[in-house]
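Chemist: So the mapping is simple: the numbering used here equals the position in the sequence shown, first residue as 1, plus 51.
Since the hints were derived computationally from the structure, they do not count as laboratory data.
Accuracy of the hints is not assured; some may be wrong.
[To be verified] Ranges between beta-carbon positions, derived for each pair:
1) Ser80 - Thr259: 56 to 64 Å
2) Asp110 - Asp88: 30 to 38 Å
3) Arg307 - Ala406: 46 to 54 Å
4) Ile314 - Ala66: 41 to 49 Å
5) Gly182 - Asp88: 14 to 22 Å
6) Pro131 - Asp110: 20 to 28 Å
7) Gly415 - Glu390: 27 to 35 Å
8) Ser404 - Arg355: 17 to 25 Å
9) Gln75 - Lys384: 23 to 31 Å
Here the structure is a predicted model, which is why all the values come from computation and not from measurement.
Where is the CB? At the ideal position from N, CA and C, for every residue including glycine.
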Amino acid sequence: TSDPDAPLTCAHDGAVEMGRGDGQTERWSAMPMTATDTTFSSVQTQLVGRLIEPAGGSDRERPLVVMVHGSERTSALDSPYAYALAAQGITVFVYDKRGTGGSEGEYTQNFELLAADAASALAHGRTMARGRFGRAGFFGGSQGGWVAPLAATRSEADFVAVGFGLVASPIEEDREQMFSEARALGLGDEAIELLTRLSNATAKLVLTDFEEGYDELAKVRRALATHSWSQHIRGEYSGDMLRMSEDELRRLGRPRFDNVELIWDYDSIAVLERLEAPLLWVLAEDDREAPIDTTRSALMGLIRKGKPFDVYVFPDTDHGMMEYATNADGSRKYTRITEGYLRLLGDWIKGESAAAYGRGRRLGGE
52 TSDPDAPLTC AHDGAVEMGR GDGQTERWSA MPMTATDTTF SSVQTQLVGR
102 LIEPAGGSDR ERPLVVMVHG SERTSALDSP YAYALAAQGI TVFVYDKRGT
152 GGSEGEYTQN FELLAADAAS ALAHGRTMAR GRFGRAGFFG GSQGGWVAPL
202 AATRSEADFV AVGFGLVASP IEEDREQMFS EARALGLGDE AIELLTRLSN
252 ATAKLVLTDF EEGYDELAKV RRALATHSWS QHIRGEYSGD MLRMSEDELR
302 RLGRPRFDNV ELIWDYDSIA VLERLEAPLL WVLAEDDREA PIDTTRSALM
352 GLIRKGKPFD VYVFPDTDHG MMEYATNADG SRKYTRITEG YLRLLGDWIK
402 GESAAAYGRG RRLGGE
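Construct all of the structure, not just a fragment, from the sequences and the given hints.
Modeler: Rendered as structure tokens:
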């Protein structure tokens with residue numbers, strides 16, 4: 052930028068210069084790396100990918116990680132997270148999931164199909180980097196926390212890392228979001244009981260292809276009508292269903308809410324019980340999109356059973372490991388990715404560890 056007051060300026064040699072509060076300037080040079088674009092086939096569909104390798108020649112000890120997408124519909128090839136890991140000495144394979152970017156197929160949130168694609172991506176990445184990597188595995192963020200462990204059970208992955216994902220079904224995610232919203236409003240047990248009834252009604256709708264559940268929803272809608280706070284409840288989908296008429300839901304429910312082949316009652320714990328590879332799971336303590344209580348409890352239970360899982364939590368962070376400031380109306384202004392998160396991912400994938408990762412703390416099997 053040519054703005055003399057900008058915090059960052061781009062030098063002619065490609066470096067970035069950043070002004071510090073003490074009047075000094077830090078200079079960051081570009082990390083040398085190579086990027087090789089490719090295509091591969093998965094379940095009769097052509098997908099596009101990119102292998103990103105740190106400079107420095109062949110390194111048989113360097114790990115290879117496949118980046119597993121979340122629910123976004125945009126291309127992943129230029130993901131800053133992929134380059135942040137590559138800058139730490141990790142070979143990264145990133146790809147556009149089906150129906151996004153340059154990949155063929157239809158967009159889907161079917162975890163079984165997405166896991167098959169991720170397993171194919173790992174196989175292709177291993178072929179491309181043959182002789183230049185050591186262990187290989189997955190990283191998945193958000194919805195990738197459902198997909199990456201499942202893909203690992205089908206690909207002999209050496210490790211799995213997950214950031215801000217859930218050990219819960221999409222139905223449970225919706226319910227936990229509503230509970231979190233209710234607690235943020237200062238509501239108690241009566242509200243939780245009503246929202247449990249709402250969750251049960253909407254779950255019946257999605258599990259029966261919107262054939263059943265209307266009577267249950269009508270009853271809880273009448274019960275909630277006298278509570279003004281119900282207008283502030285969203286969840287993942289139940290809040291919208293609550294505010295639609297029965298006629299609208301019968302006509303529009305399936306095309307609006309059930310059009311991406313989501314496995315509503317997906318059994319995350321069963322997948323993790325089958326997983327034999329080491330797992331890192333990183334939680335955002337104040338995650339509004341993926342509340343952590345159920346996930347933390349499930350992971351601690353699996354650790355007590357002897358699973359080789361490492362769990363970290365970062366305080367004062369929301370979904371995406373984002374730090375935030377709270378506005379007067381209760382909304383959040385996101386400021387930055389919390390310090391230590393990306394280093395934790397990089398070190399763990401490399402089999403290394405440091406004394407501290409920002410304010411993150413490792414949880415035991417309590």
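Chemist: Evaluate each hint against the coordinates.
Modeler: Here is how each hint holds up against the structure:
1. Ser80 - Thr259: 56 to 64 Å: holds, 58 Å
2. Asp110 - Asp88: 30 to 38 Å: Distance hint for Asp110, Asp88 is violated at roughly 22 Å.
3. Arg307 - Ala406: 46 to 54 Å: Once the Cβ atoms are compared, 49 Å apart, the range 46 to 54 Å for Ala406 and Arg307 holds.
4. Ile314 - Ala66: 41 to 49 Å: The hint (41 to 49 Å, Cβ to Cβ) holds, given that Ile314 and Ala66 are roughly 46 Å apart.
5. Gly182 - Asp88: 14 to 22 Å: With Cβ atoms ~20 Å apart, the hint holds.
6. Pro131 - Asp110: 20 to 28 Å: Once the Cβ atoms are compared, 23 Å apart, the range 20 to 28 Å for Asp110 and Pro131 holds.
7. Gly415 - Glu390: 27 to 35 Å: violated, 23 Å
8. Ser404 - Arg355: 17 to 25 Å: holds, 22 Å
9. Gln75 - Lys384: 23 to 31 Å: holds, 28 Å
Figure legend: structure checked against the earlier numbered hints; hints not met, in rising order: 2, 7.
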